[in-house]
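A.B. asks: Letter by letter, the chains look like this.
There are 4 protein chains.
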Amino acid sequence: MEEATERDIAVFEAGIKLGGLYHQFVGAPISVDTIDGLSRIIEQCVMLQPYVRSVGVTIDSEMVEKKHNRKFDYCELEGRMLHVSLQILYKNTIAHCELVYDEELDYPLMSIKKIESIK
Amino acid sequence: MEEATERDIAVFEAGIKLGGLYHQFVGAPISVDTIDGLSRIIEQCVMLQPYVRSVGVTIDSEMVEKKHNRKFDYCELEGRMLHVSLQILYKNTIAHCELVYDEELDYPLMSIKKIESIK
Amino acid sequence: MEEATERDIAVFEAGIKLGGLYHQFVGAPISVDTIDGLSRIIEQCVMLQPYVRSVGVTIDSEMVEKKHNRKFDYCELEGRMLHVSLQILYKNTIAHCELVYDEELDYPLMSIKKIESIK
Amino acid sequence: MEEATERDIAVFEAGIKLGGLYHQFVGAPISVDTIDGLSRIIEQCVMLQPYVRSVGVTIDSEMVEKKHNRKFDYCELEGRMLHVSLQILYKNTIAHCELVYDEELDYPLMSIKKIESIK
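Residue numbers (the working numbering), protein chains in the order written: chain A, 1 to 119; chain B, 1 to 119; chain C, 1 to 119; chain D, 1 to 119.
Some hints could be false.
The list treats identical chains as one, so a pair stands whether inside a single copy or across any two.
Claimed, not checked - Calculated pairs, EDC-like style, for lysine to aspartate or glutamate (alpha carbon to alpha carbon, straight line, at most 20 angstroms): (1) K114 to E6; (2) K67 to D102; (3) K113 to E2; (4) K71 to D33; (5) K71 to D102; (6) K113 to E6; (7) K67 to D106; (8) K91 to E3; (9) K113 to E43; (10) K113 to E3; (11) K66 to D106; (12) K71 to E103.
Just so you know, these hints were derived from the structure itself, not from any lab.
All chains should be built: construct the whole structure from the sequences, respecting the hints.
C.D. replies: Structure representation (structure tokens):
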């Protein structure tokens, strides 16, 4: 039974941000023309939260285009369209994490890429 | 017992957009610095949806500032911070609607301002 | 240029509720086993809002089952899984509205079924 | 530069669940009468997700009551109303985490309570 270390907190905080942005923005109306604007605002929202060092959001334009409704010419943001790279800096630890659509699992997978000590 | 008229559909569609944007974006992280970006993207999202003629989103910067967390220096978008002006054009009818925080009721009130026939 | 009538307000309020529940609950984790619980709570949430006379939510269990992730055995609520019947009572007017997935349009369509005067 | 351990993944997954439920359910209409139903469904939604061992959701009924709109007699779920206890089991590691409103910080704080090895 142990208390949380600096490293624990860094990856925990990364999970919070990825889970949070996912459930905040999935369902938002999107089209090929608004991909860029929506990606930037998701980044801005994440950057405001504690311990975020950097974040990059990409939305799969091919998927968006394929999902455009034929009559109304837009669709909704789905988890599988999202690619997010996130760095959390907590004290001297950087957690590099990611949200990527895993085609084989058919699942928007969040994972830890690496953990760095910067002392 | 009657079927829906053009006018009914115009105001119904306006309600859909206001209810939708509210529950999509409330809870998003926001600070004084990101008000503009978030307002523009909410407008873009609404503009994609059927029959929207125009939409203007304003977020109350005083409220945002007052709600900034002292330690983490941001807050969350709340319904009472939102001011939205929306025009729906369905065939020859324009419905002018609004979301405004009603201080007396302490409620983010959605209402129809006027309905116009443009034949 | 006209002001809103009782009938206008009834259908406007119906739109608010349908747009709102959609963007509040889409994205929630769901499985075949939790369909019933989630449907009931969406109904309860809608019933709290002003002027709701009745609401019935059905979630398409076949779609949910088909969308279950093979490894993790659940999926997310999507708009196309939702079927909602809603009655708004504003003064003496009842607006009967619906959210139904339209297969041909491939779109979760919200519509006014009929409007009733109950004097 | 290191790869993720079992322990890292356990706390990361805990963060995902807390961040996710927060941004999925904040904003939902709630009243004193629906607290129980909404708490149970949030628990059910979280239990569906990978590696969740247990979850308990409590919603502060005093806060809900205080926030009830006087005219419409309900309010919206806010982060500060939520108390969540979560256990993630990943392989042989249990991460005990929590979401609690921190009055001093005026912030819905997510934290790791302890980490257990169950070999």
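A.B. asks: If a hint holds in the structure, say so; if it doesn't, say that too.
C.D. replies: A quick look at each hint next to the structure:
no.	hint	verdict
1	K114 to E6	both (15 angstroms within a copy, 13 angstroms between copies)
2	K67 to D102	both (18 angstroms within a copy, 15 angstroms between copies)
3	K113 to E2	between (24 angstroms within a copy, 9 angstroms between copies)
4	K71 to D33	within (16 angstroms within a copy, 34 angstroms between copies)
5	K71 to D102	between (30 angstroms within a copy, 12 angstroms between copies)
6	K113 to E6	both (17 angstroms within a copy, 13 angstroms between copies)
7	K67 to D106	both (16 angstroms within a copy, 10 angstroms between copies)
8	K91 to E3	both (16 angstroms within a copy, 19 angstroms between copies)
9	K113 to E43	within (19 angstroms within a copy, 29 angstroms between copies)
10	K113 to E3	between (23 angstroms within a copy, 7 angstroms between copies)
11	K66 to D106	both (17 angstroms within a copy, 12 angstroms between copies)
12	K71 to E103	between (28 angstroms within a copy, 12 angstroms between copies)
Checked against the numbered hints given earlier, this structure breaks none of them.
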